[in-house]
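J.: Can you make the complete structure from the sequences, with help from the hints?
Under numbering that gives the first Met the number 0, the first residue of the first sequence carries the number 0, and numbering increases by one thereafter.
Calculated from the structure, these hints are not laboratory results.
Remember, predicted model here, so these are calculated numbers, not experimental data.
Glycine included, each C-beta is placed from N, C-alpha and C at the ideal position.
Fair warning: there could be bad hints in the mix.
To be verified - Straight-line distance between alpha carbons at most 20 Å, and here's what the computed PhoX-like set of lysine-lysine pairs gives:
#, residue 1, residue 2
1, K69, K107
2, K12, K107
3, K12, K69
4, K107, K55
5, K66, K107
Unchecked claim - Have a look at the derived ranges for each label pair, beta carbon to beta carbon:
#, residue 1, residue 2, range
6, K66, G24, 15 to 21 Å
7, E75, N19, 23 to 29 Å
8, D54, I23, 28 to 34 Å
9, R79, P9, 14 to 20 Å
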Amino acid sequence: MKAESSTLTPFTKRVLTIINQIPIGHVMAYGQVAAAAGNPRAARQVARILHSMSDKYQLPWHRVLNKTGKISLRGEAATRQRRLLEQEGIVINEQNQVKMAAYQYIPKENAFDLGEYI
DNA sequence: GGCATGACTCCCA
DNA sequence: CTGGGAGCCATGC
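T.: Written out as structure tokens, the structure reads:
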């Protein structure tokens with residue numbers, strides 16, 4: 000379905016596409032998603048996109064963590080994300096942190112050009 | 001067009 | 001480990 004994609008900027012669409020391609024049981028860092036979308040320094044924008052889109056799109060937003068493998072949310076939201084990750088078999092310690100080396104997903108360079116997911 | 005914002009990241013103490 | 005400060009930049013008002 001790509002009905003609403005026309006209102007989104009190319010960068011946003013690439014970000015959404017990439018996030019949708021993260022396999023179950025894997026995660027990506029905000030900066031990594033941004034880099035895959037073409038702008039390695041737009042990590043904050045990725046976070047912003049997730050914040051505004053996660054409720055309108057069926058995004059696996061919980062598979063996006065900061066670069067240290069930690070959950071960047073706080074309070075209830077952090078607990079919610081933690082549970083979702085655990086449901087996928089991802090192990091998180093008391094500091095809401097996972098082993099990035101073990102779970103990080105590395106997308107193919109041109110994967111986002113397809114735009115088939117939005 | 002300008003300015004504030006932030007689910008980030010990097011660097012140093 | 002924690003904490004503070006600076007840089008970055010697409011988005012929204």
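J.: Now, for every hint given, state plainly whether the structure supports it.
T.: To see whether the hints hold, each was checked on the structure:
Between K69 and K107 the CA atoms are separated by roughly 24 Å; this puts the pair beyond 20 Å, and the hint is violated. Distance restraint check for K12 and K107: the Cα-Cα separation of roughly 17 Å lies within the 20 Å cut-off, and the hinted pair is therefore satisfied. Under the criterion of a C-alpha separation no larger than 20 Å, the hint pairing K12 with K69 is inconsistent with the structure, at around 25 Å. Taking the CA atoms of K107 and K55, the gap is about 26 Å. The hint is violated against a cut of 20 Å.
Restraint check for K66 and K107: the C-alpha separation of about 19 Å stays at or below 20 Å, so the hint holds. Judged by the Cβ atoms, the range 15 to 21 Å given for K66 and G24 holds: they are separated by roughly 19 Å. Against the hinted window of 23 to 29 Å, the Cβ-Cβ separation of E75 and N19 comes to about 25 Å, which satisfies the hint. For the pair D54 and I23, the supplied restraint of 28 to 34 Å is violated, since their beta-carbon distance comes to about 20 Å.
Judged by the Cβ atoms, the range 14 to 20 Å given for R79 and P9 is violated: they are separated by roughly 30 Å.
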